[in-house]
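Visitor: Listed below are the residues making up each chain.
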Amino acid sequence: MRPFALIAFRLYRLSSSVRHWIRRRFTESGMLLLIAIFLVMAVGADFDQALGYQAGAILMSLLIVAFLTAPVFRGQFRMERVLPRFGCVNETLRYRVWLTNLSAKSRQGLELLEDFPDARPDFAEFYERVKPSPYNQNFKLSTPLPGTRLALHRPMAIPPLPPGVKVDFQGEVTPLKRGPLHFVGGTIARPDPFGLFRAFLRVPTFQTVLVLPRRYPVKRLALPGRTKYQKGGVALASGIGESEEFTALRDYRRGDSLRRIHWRSWARLGRPIVKEYQDEFFVRHGLVLDTFCNVALDDVFEDAVSVAASFASTVPDQDSLLDLMFVGPGTVCLTTGRSVGHTEQMLEVLSAVKPSRGTTLDELSNLVIGHARTLSGCILVLMAWDEPRRRLVRNLKQLRIPQHVFLMVPEGKADDVDRGPAESLPDRFTIIEAGKVGEVFATL
Amino acid sequence: MNTPPLLVGFALLFWGWQTDMLLVAIPAAVLMEASRWIKWRLEFEQDHYNRLWNLTFLLAAGMALFLFFSQGGYAAMNEFVERGQNGIRTESLKNVGNLVLRIVQLLPAAFLLFMTAFAYGPVQKLPAITFSLLYRRHARRRGTLAASLAKLQVNPTYGFLVLLLLAVGASNANPRWYFPCLAVLIAWSLWGGRATAYRPVSWASMVILACGIGFASQVILLQLQKKFEAWQNRWINRLGNASEFDTSQTRTSMGQLGKLKQSGRIVWRVHPGQPEPPPLLQEAVFNIYEQAQTKAPDGSARSPSWTTSSPRRFENSVDGTRDPIWVLNPSASPNRSVTLMGLTHNGEVNIPHPESTVMVTDLTASILAVQTNLLGAMRAIGAQTLAVLEMRYGAEGGFAIGPVEEDLSLTNLAPADERAINQIAGELNLKSASPEAALGRIKLYFFNHFDYTLDDESPPVGATNNTPLSHFLLDRHKGHCEYFATATTLLLRAAGIPARYAVGFSVQEKRSNNEYLVRERHAHAWTLAWIKNRWREIDNTPAGWFEMDLAEASPWETYSDWWSDAWFEFYRWRQGDSNLRLYILIGGVLTLGYLAWRQVAGKRWRQAREARDRAARFRQQGLDSEFFKIQRLLEKNHPRETAETVSAWLKRQHFPQAELSTDLPNLLNLHYRLRFDPAGLSPSDRQQLRDGTTRWLERYAKGP
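Residue numbers (the numbering used here), protein chains in the order written: chain A, 1 to 444; chain B, 1 to 704.
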């Protein structure tokens, strides 16, 4: 299998390179010309019956002349971008570009193309995705392979550039994947006289935007959970002031503040007694993101991250704390809300989360159960509804922690979910099909 | 339309002119171009365009199908599939091709309605999703493709121009005007999209340059195509059996077979009608031995050669055009048969056959005529690539004429050869022996004193026995079949027995029960001797020659055999002589059957069906639960909120009697288990739910 996969990998690299090259090098007219050449040559294959080959020849020569003009393009430019800090998946990102013409020649009709790093999988990942497995039985390459484009963008028209002049214009890209989006450089393109083929000049300018996962509006959820007093810790108290609650009296111990001495009790008992206060406690929810999925569910996983991100950006608005817990690449537990941490931090973390392969769910279960003591409710975003996950929910139930499970399933698979025995069912169970997160959230 | 003015009109007129559609093209061109001056616009929305495109697509498909069926496309396809003759097939394929070209020529007519609507529509560009149902479906989803599709706007006029270009290119009317008109059209359409950075003069000069290169390259293309056709013909010929022995020259030189011995190419496949195949298949017969007196142009001595006394006297034995059976010797009755299959080059081909062949049947009706000459050579005229011939032969002799004067001639021999022959004939005392005894003595002589070798060693210069034959007979005592056959022929003649020299193939390599392979390496020479009023095959080459040749076989022979088999099967399939079509049909049915089975019984479908069943079961299970009575009762006063669980809702209820609240969770638990636990409730639990509910309702009805 591996040698075949290697051949397939080489073909995949080749075809994606060719596609990338064509997409960037040819203008829309150029692409139309390519299609026309192909069709006309097919129709004119019989030279005796059809004259199509003549059309093919003339179109081909146009292309050749267009190619020949490409190496003539020379120049010197400097480029700066003013990028926002964050972007969002599938949302157009607008920024300003400053371009200086350093050469002595006036330029017009130029275009700018952004360069992004190569996002194609390496052979190890490719093999992992295409090898026959329970999740990949149909030998489909397209389904498990991730998209090769990090962002969509069209060539941006550059205003006329006299020598030594700096112009600014608006750039636009639409990020397609969450995580850091590196702008490794700009490519100044000059179409040939016919407007078919672009000559390139690269201007390296490295900048990065963090692309956050896609988020959906979530209504204020009546989250499962009682207003149970949970110890919040010193750090939290500092944020909200000394609003403490009297709980008991006890004997004085060295170091107790004199302000806390209960004088009346000292008088009554003859020994120093101090008042004891309990720290403020907060409602504290867990947001558990299940990262354990096979390659076939990568699309669904993106939606799972979106669900988690939607909660992460909504729940802290409410008067509570949120612990985000997941495994991947390491074990992560991050707290936000009530002035501890910021939503941005959580979204940044979520934008970098990757599916865990090779580890088991036990790691996450241990993490959640370990934190269960401090939680008053728990939102679980799960990728499957199998025995280990049911066990996790059962355990949480036994600890009397209310849960709301969001089960992520591929498109059209909601009816296939086997809910299993009643004792494993969480208090609230919502099945979300891939691509329908917004719809489901609207009905919550 | 946002294209350069008059471009579409000009393209439409060009199309109409080239395809005889001017009556349609002129009004269409006027209508389209008029849209630039007429301000009136249709109130079209995206949905209208979508529907109009669907209609246009159906119109185009319908038009194509109608033309295909009404103009005899189906009949031509049928002919191509059904008929066996290559000529008819080629013709029908050509007909289909022409019809397709005609359809392409007319295709723009189907798009005129859409284009007119677009020209008079409110927009200059349309979203790409208009043009494909698939795209529209994709765009409704999310992801990269949808995101890029949703933003992509196209101007369909340019697509229409490409279609017109295609339609015009599918015709060959007015070839002289085609190129200039095309150049103008293309230059005009490029004018709109030209880069503003260039001056019009440099732009125009580059267009002229491109047109010049285009003109030159189309001339080169035409020539290349002619060259390619010629090469293709040659290549196809090479696949077949080019004649191994040049019967047009009616001559074979000594050493010619030695060259063939180096090749393991399969030339014929032999299927005998009885367990034993004919041991020898003769391809040509010669009866004059010539010792060349002259030298070859390069100065080397010419090899001695055999030639025939009946040159170019091939004649049609029987007209085989009606019934592909040729009876070559009506007086003889055959009792054996053999079928030969092989790839031939188109035209003439020598047919190897057993010496006593009396009847030939062309099993695939692929040759036009069988011709024979008087000495026993046979060839096919007008043969197709694959020839499958059945030959019937028997013990009574074939179609070659009896002995002629040349069959006894020893006159043309070189002095050295003559000396050698006479010396050995004298040693063996052949002249006084009976024919059988002479045959036996010669055979024994070669058996005892001679070896087989493929090394063709020339006699040393200046030696007395300086002809290859005398060197072989007197000095070397080693050689290959040509020497043995020549020597035997001449010795038999010296004994007074008419003899001829035959070349062809030896059938020895058994591949399967019923198939023998004949390779070039198996080319062989032997003697035909006239004994008891018929020609008999005398082969005095030492018996081990076959194994010795085999040892020299190329290690790649297995792979070249695969290649040869693949070609052979391909041609059998093409000429309808194999079960391959049947196998493909069976394979197709099995594949479809497997796919159908997978659909019905496969995992995915089974799971889906089971999920459906499960869902149905899940919906129905426990609908008879008595707990619903409690639920309905309580819902009258305290309606449950949307998406509120029953347990959460019950917790909100307040009852005057404490036991009403305490019993409920237990009952609800039982109810849930009845409703949702796949294992259901045990009879006792079910009874408990029933009784508990009844008790609860009674207590509730009683009130505080």
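Don't take every hint at face value.
[As the list claims (entries may be wrong)] PhoX-like mimics (lysine-lysine), calculated; alpha carbons at most 25 Å apart, straight line:
#1 Lys354(A) with Lys413(A)
#2 Lys431(B) with Lys532(B)
#3 Lys431(B) with Lys226(B)
#4 Lys636(B) with Lys651(B)
#5 Lys151(B) with Lys177(A)
#6 Lys651(B) with Lys397(A)
#7 Lys436(A) with Lys177(A)
#8 Lys125(B) with Lys94(B)
#9 Lys151(B) with Lys436(A)
Simulated from the structure, these hints should not be mistaken for lab results.
Visitor: When the hints from earlier in the document are held up against this structure, which numbers fail?
Guide: Violated hints (numbers, rising): 3 and 8; every other hint is consistent with the structure.
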